[in-house]
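Protein chains in written order, with our numbering: chain A, 1 to 189; chain B, 1 to 176.
Check before you lean on any hint, since a few could be wrong.
[Stated by the list, open to error] Have a look at the derived ranges for each label pair, beta carbon to beta carbon:
id, chain 1, residue 1, chain 2, residue 2, range
1, A, Arg135, B, Asp3, 26 to 32 angstroms
2, A, Phe41, B, Pro77, 48 to 54 angstroms
3, B, Ala26, A, Ser68, 22 to 28 angstroms
Quick caveat, the hints were computed from the structure, so don't treat them as lab data.
Given the structure is predicted, the values throughout are model-derived calculations rather than measurements.
Using N, Cα and C, we set each Cβ at its ideal position, and we do this for glycine too.
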Amino acid sequence: MPEDTDQALVARVQAGDRDAFNLLVARYQWKIGGVIARHVFDPRDVEDLCQEVFIRAYRALPGFRGDSLFYTWLYRIAVNSAKNFLASSGRRMRSASVAVEDAAQAGAAALRDGATPEGNILQRELSQCLQAALRNLPAVFREALLMREMDGLSYDEIAGVMGCPVGTVRSRIFRAREALSVELQARGF
Amino acid sequence: MNDHKEKISALTDGELRPRDAGDSLARLLAGGEGGGGQRAVWARYHFIGGVLRGEHRHIKGGGVAARVAEALLDEAPHRPAAVKRRRPRFALRRLRLWWWPGGALAAAAALAVALVVGDFFAPPAVTTVTKVPVRPVTPQTESALNAFLVDHGEFHGAHGLSGLMSYTRFVVHEEE
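Only chain B is shown next, with the shape it has when bound in the complex:
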């Protein structure tokens, strides 16, 4: 019995590792018969420390332990699944990637790809062709229009085409 108490005394001081406490810690944790006595010893040793340090002046009698224990009867025991375990560091870094500007860029690129691919696999839209009457263009109008397009062709350098070619639309003509 004294050996158990001595181990509890060392546990009280944090001077005995739980793995070395063996049966003493198991009894302490078990509570109930036998363990109840161990718990009383644990509480008393801490009480003595509290009185020696003068901490007992702030808490009367046996302290608030009994009140807390009573209040906890209304509380549901924790479920292991509800406990948030410490996550590995790499997972934390991966989470933080989204706050990094590069991460945001990558997210934007992924979204763009998703839109393009989604559009590619989308069912083809039904299009109808309507005939637009073409008015004959006079040589003067054509010349003026060409001059205007050439003069404002600097915005089409990105296509790698220059002059009127950047305005060219290719169409297929099917003979009826």
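Bound conformation, chain A alone:
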């Protein structure tokens, strides 16, 4: 049994368990979206590219030998895909420049910006809902979760900061997640 969760999942996919790949997608889709968004600014393109990155990764997974971490490998695919996209879209933009200029009066800027007002409102509501739920958490739960998610501290490091056993950290983080999960579901997210 591999020592790492990613390794275990990758081994499952390589052995023919296609569903195990969905767990990897669920795990890294947000991070990969963020990586792509640093290169590509249209949200629709970010989503399409994100999907493409994972499909490429799935196809290339038989060649993944574990020389690097899975996320490092995935990250490289994402950056390369974004660069390739920029190179090809640059050509497309040049060829379509006249049409874009013609459409300027009709709000071409709004067309280029894939984020709809409804989408923006939804994202903002989600963030506000989560922030409110965070504030309602007991301080020790909130701090443990934020140290993990925002600061990237390990359980050992959090235990050192909070002065409690690692098992307690694990429990606090889990309880914080559960509370947030219940709150988000209650609000329809």
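Could you slot chain B onto chain A? The hints should help.
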């Protein structure tokens, strides 16, 4: 149930080794009934992390997971045989030997041996002997020829012979 969820939470953070996750990981990997719920928990915990870090702004709704899962339905599952396993280091070095000049030399020597041995075991070629009329050589011509061969004998030092001996051809004469 909460114990399973807590283990999934720790797996989410990479703080629990798969070997220690026991049934929780098995359920998570199994999917289907029961496992489907575990997978939803896994996805939700990662979603919360993504929202906290603001990464959700780039991906709408439930992310691209559903789209990827749908697209993968058209993809064939990988076969274990198709996976390239990591090879031991010594095998890699052996492969690189061929790029080393010594390796190339060894390959050339092996090829030469193969040619020689192949020639040795090849069926004997059928040869025909034709009689060539010999013209008598005058003493003056013989003397001039000898002098020429001796003067240009420096190229035959490699044979260990000198003088006219390096030009000598040994033949067998059979009486009729």
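Outcome of the hint check:
Under the hint 26 to 32 angstroms, the C-beta atoms of Arg135(A) and Asp3(B), about 28 angstroms apart, fit the expected range. Remark: the range hint 48 to 54 angstroms for Phe41(A) to Pro77(B) is contradicted by a beta-carbon distance near 36 angstroms. Taking 22 to 28 angstroms as the suggested C-beta distance range, the pair Ala26(B) and Ser68(A) conforms, at roughly 27 angstroms.
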